[in-house]
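Asks: What follows is the residue order along each chain.
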Amino acid sequence: MSELVEISNLCKSYQSGSMAVDNVTLTLPKGKIIGLLGPNGSGKTTLIKMLNGLLTPSAGSLLINGMEVGPETKALVAYLPDRSCLAENMKVSEIVSYFEDFYADFSRERAEQMLNNLGIDASAKLKTLSKGTKEKVQLILVMSRAADLYLLDEPIAGVDPAARDYILRTIIQNYNPEATVVISTHLISDVEQVLDEVIFMKYGKLVLYTSVDNIREQHGKSVDAYFREVFAC
Amino acid sequence: MAWELDSDRPIYAQLVERIQMQIVSGQYAPGERLPSVRELSAEAAVNPNTMQKAFAELERSGLIITQRTNGRTVTEDAEMIQKIRKDLASEHLELFFAKMMELGYTNEEIERLIHEFYVEKRGGTDK
Numbered sequence: 001m002s003e004l005v006e007i008s009n010l011c012k013s014y015q016s017g018s019m020a021v022d023n024v025t026l027t028l029p030k031g032k033i034i035g036l037l038g039p040n041g042s043g044k045t046t047l048i049k050m051l052n053g054l055l056t057p058s059a060g061s062l063l064i065n066g067m068e069v070g071p072e073t074k075a076l077v078a079y080l081p082d083r084s085c086l087a088e089n090m091k092v093s094e095i096v097s098y099f100e101d102f103y104a105d106f107s108r109e110r111a112e113q114m115l116n117n118l119g120i121d122a123s124a125k126l127k128t129l130s131k132g133t134k135e136k137v138q139l140i141l142v143m144s145r146a147a148d149l150y151l152l153d154e155p156i157a158g159v160d161p162a163a164r165d166y167i168l169r170t171i172i173q174n175y176n177p178e179a180t181v182v183i184s185t186h187l188i189s190d191v192e193q194v195l196d197e198v199i200f201m202k203y204g205k206l207v208l209y210t211s212v213d214n215i216r217e218q219h220g221k222s223v224d225a226y227f228r229e230v231f232a233c
Numbered sequence: 001m002a003w004e005l006d007s008d009r010p011i012y013a014q015l016v017e018r019i020q021m022q023i024v025s026g027q028y029a030p031g032e033r034l035p036s037v038r039e040l041s042a043e044a045a046v047n048p049n050t051m052q053k054a055f056a057e058l059e060r061s062g063l064i065i066t067q068r069t070n071g072r073t074v075t076e077d078a079e080m081i082q083k084i085r086k087d088l089a090s091e092h093l094e095l096f097f098a099k100m101m102e103l104g105y106t107n108e109e110i111e112r113l114i115h116e117f118y119v120e121k122r123g124g125t126d127k
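Protein sequences, first through last, are from chains A and B.
Numbering-wise, the first sequence is residues 1 to 233 according to this note's numbering.
Numbering-wise, the second sequence is residues 1 to 127 according to this note's numbering.
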């Protein structure tokens, strides 16, 4: 079976009564780098949080590698949250050990190499690092796992353009035909070249799921330009 | 350094053009081994699947050949490479002439302009 993620009629409503994710049906294959795009409040983060088990669906079903979301699927999913989730008092090297201990698929060597490439001092405490550097550390931890599904919620928003390039290059170099990477972002033009496919969401609904080159072929414009058109305010 | 790509045309088509250019200009010699998809997609900063698609297209046209043991190589068919080179040159000439006609030049005037340009700007000698 080559389908990695199978989402059918998935809904999530919050107590306020708003539908954050509204009847989404979607199948994601292995071996793709997919952009999850949509304006603020379109349900991107809610969808990601259901995929990694942080939120439970209100209705519908969600399978990863044919399994319901649970401990088995969490071992397959590497998640980069949209906020910091690490203990500020720990040193970078301690956090690396923590991840190594926690995830069987974590490669310490890969983490150390990336820290080194980005010039991050592993003996520094997290709280002494800048916001952007903390984000880099968090992304390095996630990308050092050999997961089947990477869920990256706004991975490049807070880092400088040079680090953005490095991060995107890292995603390409870690590319594995068995794994899929989902990147949620507003910075479409920065990631466009790296993506196979894009998912457009609006008000919790799936608007479009197609390949980047399809958009360029059919509309003669970049995904960024097309997004601006579809979501024009 | 990432390759410069236009934002309004399919990425794979631009990768095909770029690699084609590198082959006809001799950056990759006939029979030379090409970098792997992974290496080249990292260099270009593009998706590996897109690079794969570009390679498949170049294979279909016969310009590159997949060897089971030795990765991908440029074709040894120098004639084919020359033909593609000539086709590309024709395309550029076509565009050039179209532009010059738009500016209102006749064929004779264009010919004279090319000659003047060749002598003055490029340091060529008069015939």
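Keep in mind that the hints were calculated from the coordinates and are not lab data.
The structure displayed is predicted, hence computed values, not measured ones.
Possibly wrong hints are sitting among the right ones.
To be verified - Sample of chain A residues lacking proximity to chain B, with all beta carbon distances greater than 12 Å (derived):
1) Gly53
2) Arg110
3) Asn116
4) Gln218
5) Lys221
As the list claims (entries may be wrong) - Derived Cβ-Cβ restraints for the label pairs, each shown as a range:
6) A:Lys131 x B:Gly71: 23 to 31 Å
7) A:Ser107 x B:Glu91: 23 to 31 Å
8) B:Glu94 x A:His186: 39 to 47 Å
By construction, the Cβ of each residue, glycine as well, lies at the ideal position given by its N, Cα and C atoms.
Asks: Does each hint hold? Answer for all of them.
Replies: Results for each hint:
1. Gly53: Gly53 of chain A clear of chain B: closest Cβ-Cβ about 28 Å, beyond 12 Å.
2. Arg110: 15 Å, holds
3. Asn116: Asn116 of chain A is indeed farther than 12 Å from all Cβ atoms of chain B, at 18 Å.
4. Gln218: 10 Å, violated
5. Lys221: Non-interface label on Lys221 of chain A violated, nearest chain B Cβ at 5 Å vs cutoff 12 Å.
6. A:Lys131 x B:Gly71: 23 to 31 Å: 43 Å, violated
7. A:Ser107 x B:Glu91: 23 to 31 Å: 48 Å, violated
8. B:Glu94 x A:His186: 39 to 47 Å: 41 Å, holds
Taken one by one, the earlier hints fail for this structure at numbers 4, 5, 6, 7, listed in ascending order.
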